[in-house]
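Protein chains: 2
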Amino acid sequence: MKIIVHKYGGTSVGDIERIKTVARRICRAKEPGVGLVVVVSAMGGTTDELINLAQDINSEPSEREMDQLISTGEQISSALLAMAIHHDGFDAVSLTGIQVGILTDDSHTKARIFKITPEKIFQALKEDKIVVVAGFQGHNLQNDITTLGRGGSDTTAVALAAVLEAEVCEIFTDVDGIYTADPRIVPTAVKLDQISYDEMLELASLGAKVIQNRAVEFAKKFNVTLHVRSSFNEVQGTFVSEEADTMSMEKVVIRGVTFNQEEAKLTLTMVPDTPGVAARIFKTIADGNINVDMIIQNVSAEGFTDVSFTVPRPELAKARGLVRDISREIGAGDVTVEDEIAKVSIVGVGMKSNPGVAATMFEALAEEKINIMMISTSEIKISCIVQSDDGERAARALHKAFELDQD
Amino acid sequence: MKIIVHKYGGTSVGDIERIKTVARRICRAKEPGVGLVVVVSAMGGTTDELINLAQDINSEPSEREMDQLISTGEQISSALLAMAIHHDGFDAVSLTGIQVGILTDDSHTKARIFKITPEKIFQALKEDKIVVVAGFQGHNLQNDITTLGRGGSDTTAVALAAVLEAEVCEIFTDVDGIYTADPRIVPTAVKLDQISYDEMLELASLGAKVIQNRAVEFAKKFNVTLHVRSSFNEVQGTFVSEEADTMSMEKVVIRGVTFNQEEAKLTLTMVPDTPGVAARIFKTIADGNINVDMIIQNVSAEGFTDVSFTVPRPELAKARGLVRDISREIGAGDVTVEDEIAKVSIVGVGMKSNPGVAATMFEALAEEKINIMMISTSEIKISCIVQSDDGERAARALHKAFELDQD
Chain L
20 MKIIVHKYGG TSVGDIERIK TVARRICRAK EPGVGLVVVV SAMGGTTDEL
70 INLAQDINSE PSEREMDQLI STGEQISSAL LAMAIHHDGF DAVSLTGIQV
120 GILTDDSHTK ARIFKITPEK IFQALKEDKI VVVAGFQGHN LQNDITTLGR
170 GGSDTTAVAL AAVLEAEVCE IFTDVDGIYT ADPRIVPTAV KLDQISYDEM
220 LELASLGAKV IQNRAVEFAK KFNVTLHVRS SFNEVQGTFV SEEADTMSME
270 KVVIRGVTFN QEEAKLTLTM VPDTPGVAAR IFKTIADGNI NVDMIIQNVS
320 AEGFTDVSFT VPRPELAKAR GLVRDISREI GAGDVTVEDE IAKVSIVGVG
370 MKSNPGVAAT MFEALAEEKI NIMMISTSEI KISCIVQSDD GERAARALHK
420 AFELDQD
Chain X
20 MKIIVHKYGG TSVGDIERIK TVARRICRAK EPGVGLVVVV SAMGGTTDEL
70 INLAQDINSE PSEREMDQLI STGEQISSAL LAMAIHHDGF DAVSLTGIQV
120 GILTDDSHTK ARIFKITPEK IFQALKEDKI VVVAGFQGHN LQNDITTLGR
170 GGSDTTAVAL AAVLEAEVCE IFTDVDGIYT ADPRIVPTAV KLDQISYDEM
220 LELASLGAKV IQNRAVEFAK KFNVTLHVRS SFNEVQGTFV SEEADTMSME
270 KVVIRGVTFN QEEAKLTLTM VPDTPGVAAR IFKTIADGNI NVDMIIQNVS
320 AEGFTDVSFT VPRPELAKAR GLVRDISREI GAGDVTVEDE IAKVSIVGVG
370 MKSNPGVAAT MFEALAEEKI NIMMISTSEI KISCIVQSDD GERAARALHK
420 AFELDQD
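Residue numbers (my numbering), protein chains in the order written: chain L, 20 to 426; chain X, 20 to 426.
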């Protein structure tokens, strides 16, 4: 049996009318002989309401009880969606994480899936029922309810698609697909028909609102084809899969340009260049629960070096305090900060086999007289930190230089 | 281990403050070495809100999906109550019907309990945790969620008390206990210390808001001692148990007086007195989904008889229409109705062994010049229909005649 998995987020089932709209869409997709499994998030806002209730009772609620509590959100939306499908004349059955048999580890509120027992789903599909699964949830070996963390419904959908060997996992969202750049910044941005898992992961700043990185990693691991598409129209979106379409892949060096202005840069000067110093710096930052993004350490001169790194802008003050303390401890120099920065990146698996991509990037920026403050590279991504004022112009220049502009 | 079961209804957990109050009460009751199992209803109003959501989506929602939906109400309140107990410094764990292992039949929305597997509860009690069970729900053999019908949390509590061999099942409610009469009608009414299951069942009109009859039947079957008491104070309420306290029981002939004005009376005259006629009448009424309470058939005279019966007042018009149709079919006479009636009853297991109770009742009414329109008797109850205007006076007269008045 050909199986297709749909996933609808909280906005798509935000109220009664939207649930009815989603039900009609599902019924249109239900072809004879096709097994349809629908994963649904809680109605938009429900989870936060439940969290607020818990907070009013206990400011540090037990995570086990939080999972018992917030998993009801998806149980409600899945039951309502099944009722809406019935109303449109199709058979459907809703199932919770426990009922499906989504076994996870014991990490309440951020559990990892161990194993899925799909017998109950197969049974329902055999009876030609549309199966509506409450996303975001599972259970541990003790049959306690667990949840998979924010965006967990994406993971549920991809994991089910893997276990059921679904032809495709369709992620319905409020955008048409993945674009070569944010159209608000680069008006010539184009929707991509296809991209690889790695590109999708590196394009996180474009796709983060669309699907969780963790679910993409899961899809990559189990080779599940994703189809990111709009829940408001029938237009084809962006397929995310392994680098299958080699012919066209080779022509495309760069898939997209990302841009963000949400970081700030710190530099610790005159750091004694001895083993363990970098570890000490970043251990302290990590202990402060601050996510570091780019890290640059310049070549050492006379036993001293400068270390620069970027952090989310709201964490800048806290990070500066921590770094000043470390500086005193290790006998380093001043701490300088720069919060008027932007990060522009180019992403594409094609750059692996195309020398000169970095050079093209730097030339394009130079032509625009944009100064590069930091550079960081990975196998399929090159990022530059530039002045905040130059950021959007940089993104447009790169989009054009790599021939991504719409015809 | 000594085990005690508490049950709190929807009003007791109606909002955050009340949940906190209930938690404090539970923590006060938690003595070392005592296993405490708490059954909780949904927060007041939640179930109706969920039903309304379902109705907005599908005017005839599937009962299986209704159960998936409305069972979340108790899952939410039980998790919140566990969090509130944690806040007061005690360990607690909430469990849904599926997690406890409350196996029922397949009758969604009105399921009957088959079997309870209490291992998970015993395990938690052994770890000295207070166990908070989501009332009203179970699961069938396919692991679909089932619910036990309105008032099902009472049944959950009593069933758990039976399986766990609890010392007592405490039903916390908004009244102090069971009274000899409704104090609003009989100001001299007294709270009863103890009452038998059968008396509790027959006193339904006094106790209906306190505990569901079905749960009392269950308690009787498994000999579970109930303690009906207030959730607002620590005063002892009314114990419901088998006729244990024989010494005092023999002194008490009548336990209480009930009164209701919610019925109307129909009389079908000149009914041909042939076999099957009564069956035909009441089959038709039952098919119209109308609950008949009292039925009186007078002695036949010359092959004809009059049949009188009472129905809930809102059903009078419908019942009259049905009876008129039957009258034509079977060749009976006129249909007369009387909606200005009241029913007064005396209840007590003592009357079984005390002749003359009925006579005392009729004399007491006669002394008050109250005319009796219908009489109906059971082993432990005698009911009279009187004019509506006479009803309250009748109740007070009977309360006095059977020496139930407060000293």
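Quick caveat, the hints were computed from the structure, so don't treat them as lab data. Values in this document were obtained by computation on a predicted structure and should not be read as measured data. Check the hints yourself; a few may be wrong.
As the list claims (entries may be wrong) - Just some of the chain X residues that point at chain L, by a computed CB distance under 8 Å: (1) I38; (2) T40; (3) P80; (4) L88; (5) G108; (6) Q118.
All C-beta atoms, glycine included, are put in the ideal place defined by N, C-alpha and C.
Practice task
With a cut-off of 8 Å on the beta carbons, see whether G108 (chain X) makes it to chain L.
Solution key: violated (11 Å)
Problem - Residue hint I38 (chain X), partner chain L, criterion CB-CB below 8 Å - result: It holds, given that the least Cβ distance between I38 (chain X) and chain L is near 6 Å, below 8 Å.
Exercise for the section: Double-check Q118 (chain X) for me: the hint is only fine if its C-beta lies closer than 8 Å to a C-beta in chain L. Expected result: holds (6 Å)
Exercise for the section: Closer than 8 Å between Cβ atoms is the bar; does T40 (chain X) clear it against chain L? Give me holds or violated. Expected result: violated (12 Å)
Problem - Hint check: 8 Å Cβ-Cβ cutoff, L88 (chain X) to chain L - result: holds (4 Å)
Problem - Proposed interface contact between P80 (chain X) and chain L, which counts if any beta carbon pair is under 8 Å - result: holds (5 Å)
The structure is inconsistent with the numbered hints 2, 5, although it conforms to all the rest.
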